[in-house]
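K.L.:
Single-letter residue listing:
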Amino acid sequence: MSIIVNVDIMLAKRKMSSGELAEKIGITPANLSILKTNKAKAIRFSTLEKLCEVLECKPGDILDYEK
Amino acid sequence: MKILGEKSLSSKVEKGLKILFLIIVLLDIIALGITCTSAFFEFNSLSVRENFIIRIILEALIGFVVLLTGIVALFIINQFIKIFKNLKQNKLFEKDNSKYLNKISVMSIVIGSLYFIIFIGTSIFLKYFNLIDILSNFLLKILILVFSVSFLIFGIGIKILNCIYIKAIEYKKENDFTI
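Sequence lines, in order, name chains A and B. Counting in the numbering used here, the first sequence runs from 30 upward without gaps. Counting in the numbering used here, the second sequence runs from 959 upward without gaps.
Check each hint, because a few of them may be wrong.
Here are the simulated lysine to aspartate or glutamate pairs, EDC-like style, with alpha carbons at most 20 Å apart [claimed, not checked]:
{"no.": "1", "chain 1": "A", "residue 1": "70", "chain 2": "B", "residue 2": "972"}
{"no.": "2", "chain 1": "A", "residue 1": "65", "chain 2": "B", "residue 2": "1052"}
{"no.": "3", "chain 1": "A", "residue 1": "70", "chain 2": "B", "residue 2": "1052"}
{"no.": "4", "chain 1": "A", "residue 1": "44", "chain 2": "A", "residue 2": "90"}
{"no.": "5", "chain 1": "A", "residue 1": "68", "chain 2": "A", "residue 2": "85"}
{"no.": "6", "chain 1": "B", "residue 1": "1049", "chain 2": "B", "residue 2": "1128"}
{"no.": "7", "chain 1": "A", "residue 1": "68", "chain 2": "B", "residue 2": "1128"}
{"no.": "8", "chain 1": "A", "residue 1": "65", "chain 2": "A", "residue 2": "49"}
{"no.": "9", "chain 1": "A", "residue 1": "68", "chain 2": "B", "residue 2": "1134"}
{"no.": "10", "chain 1": "A", "residue 1": "79", "chain 2": "A", "residue 2": "93"}
{"no.": "11", "chain 1": "A", "residue 1": "70", "chain 2": "B", "residue 2": "1134"}
{"no.": "12", "chain 1": "A", "residue 1": "70", "chain 2": "B", "residue 2": "1132"}
{"no.": "13", "chain 1": "A", "residue 1": "65", "chain 2": "B", "residue 2": "972"}
{"no.": "14", "chain 1": "A", "residue 1": "68", "chain 2": "B", "residue 2": "1132"}
{"no.": "15", "chain 1": "A", "residue 1": "42", "chain 2": "A", "residue 2": "52"}
{"no.": "16", "chain 1": "B", "residue 1": "1046", "chain 2": "B", "residue 2": "1132"}
{"no.": "17", "chain 1": "B", "residue 1": "1053", "chain 2": "B", "residue 2": "1128"}
{"no.": "18", "chain 1": "A", "residue 1": "70", "chain 2": "A", "residue 2": "95"}
Selected chain A positions facing chain B (in silico; Cβ < 10 Å) [unchecked claim]:
{"no.": "19", "residue": "69"}
{"no.": "20", "residue": "71"}
{"no.": "21", "residue": "87"}
Just so you know, these hints were derived from the structure itself, not from any lab. Idealized CB from N, CA, C, for every residue including glycine.
So here's chain B without its partners, still in its complex pose (with noise of 0.2 Å):
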């Protein structure tokens, strides 16, 4: 099968990729909708509450995060789109692959720190000053966490693998400059 060029594996991807991001845009949208009105809800329904108003600030801003890092995620595809459009176009060794390779790594770290954040915050902060352990639930703990270590993990991998595309680039510029 063919990898780069028109009718490609890589415009297949592409496209792919191109849905993923509309359905990621969409699914932002009805998350933000639902984190609202549900915020809006409990608010008024939870009148007399102990450390209410602390658990809601500290939801809106684990909500506030998880939208944030929504949008990071669409700049992550985002990158990814360019580089498999440059791959389509048979531009495999170009500069501004590395540079949207070093964007994802970039962003990726900053997803896995913001999730490490959350665990951290939830964990360690909330039990610390005795407030109310909002993700009391351990599976989802351990979710955060994985979904956390695995970001990083993606993120640092990728800034390698831009370390050795950025070579590449310099060994077929050499290559190209051998007469």
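Extracted from the complex, chain A is given alone in its bound form (with noise of 0.2 Å):
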């Protein structure tokens, strides 16, 4: 998949753990899991939202696009 989601370099920069974060933006540690090591099929508009809203980023920060 040529989306990268870079939640793990958001984490290490506002020094959080994931089950920390899956906890605030309210999904399980197997969900953030799946999100992490880039399985993830998609990712909700509310679940992005959230995302920036407890790693204080803008969605570019947590995606990235590689060809």
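Starting from two chains that each stand alone, build the complex the way the hints lay out.
P.N.:
In structure tokens:
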């Protein structure tokens, strides 16, 4: 997949754990793991909004595109 | 009424299919016995009869095809049992179910084709070569044709349903991986 999810980088920048993020955005750690490992087929706008809100960033900071 | 899970419609259908499976096995064994004994007696009694060897061979061939379709039908029922077993265990959108449906469609088309060959063979081939028409009964011919077409349509229908089922599995997977 050419869309890369950079949640790991943002988590490191914010010094936040995966469990904490999952709890704050209201998804299960298993689903966050799917997202982090780029196994996700799609992401809901509501989830992206919450991610941006919690990690204090823009969607472009979380999502990247590689050819 | 519950469709999936234990004590549901699926589990009852599964039990029914298991009983049907046993009944068909018994009927196949009885049919095999009757066919063999009648062929044996006919072979012994009809010593002077026009084309009687051809008749017996063709009858045996048709009997063989009918028994073969019976075994294939058992295979189809077995696949249905597996599908309903999965439904009983709440395994709805499984790849296995799609495999079973595919096998059912192929086997149904095989049965339909075999009966169609019997119909064509007895109707056209035998008359063309001026042999005895074994299935001389018109109603029996129509019955075989209806049987053949029904199985062919059933097989094609299941094939289409399987394609829809595969799409549903894909959508489910996509939905599961949507965060």
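K.L.:
Confirm or reject each hint.
P.N.:
Hints, one by one, checked against the model:
no.: 1; hint: A:70 <-> B:972; in the structure: violated, 35 Å
no.: 2; hint: A:65 <-> B:1052; in the structure: violated, 26 Å
no.: 3; hint: A:70 <-> B:1052; in the structure: holds, 19 Å
no.: 4; hint: A:44 <-> A:90; in the structure: holds, 16 Å
no.: 5; hint: A:68 <-> A:85; in the structure: violated, 24 Å
no.: 6; hint: B:1049 <-> B:1128; in the structure: holds, 15 Å
no.: 7; hint: A:68 <-> B:1128; in the structure: holds, 15 Å
no.: 8; hint: A:65 <-> A:49; in the structure: holds, 14 Å
no.: 9; hint: A:68 <-> B:1134; in the structure: holds, 11 Å
no.: 10; hint: A:79 <-> A:93; in the structure: holds, 18 Å
no.: 11; hint: A:70 <-> B:1134; in the structure: holds, 8 Å
no.: 12; hint: A:70 <-> B:1132; in the structure: holds, 6 Å
no.: 13; hint: A:65 <-> B:972; in the structure: violated, 42 Å
no.: 14; hint: A:68 <-> B:1132; in the structure: holds, 10 Å
no.: 15; hint: A:42 <-> A:52; in the structure: holds, 18 Å
no.: 16; hint: B:1046 <-> B:1132; in the structure: violated, 24 Å
no.: 17; hint: B:1053 <-> B:1128; in the structure: holds, 10 Å
no.: 18; hint: A:70 <-> A:95; in the structure: holds, 16 Å
no.: 19; hint: 69; in the structure: holds, 5 Å
no.: 20; hint: 71; in the structure: holds, 4 Å
no.: 21; hint: 87; in the structure: violated, 18 Å
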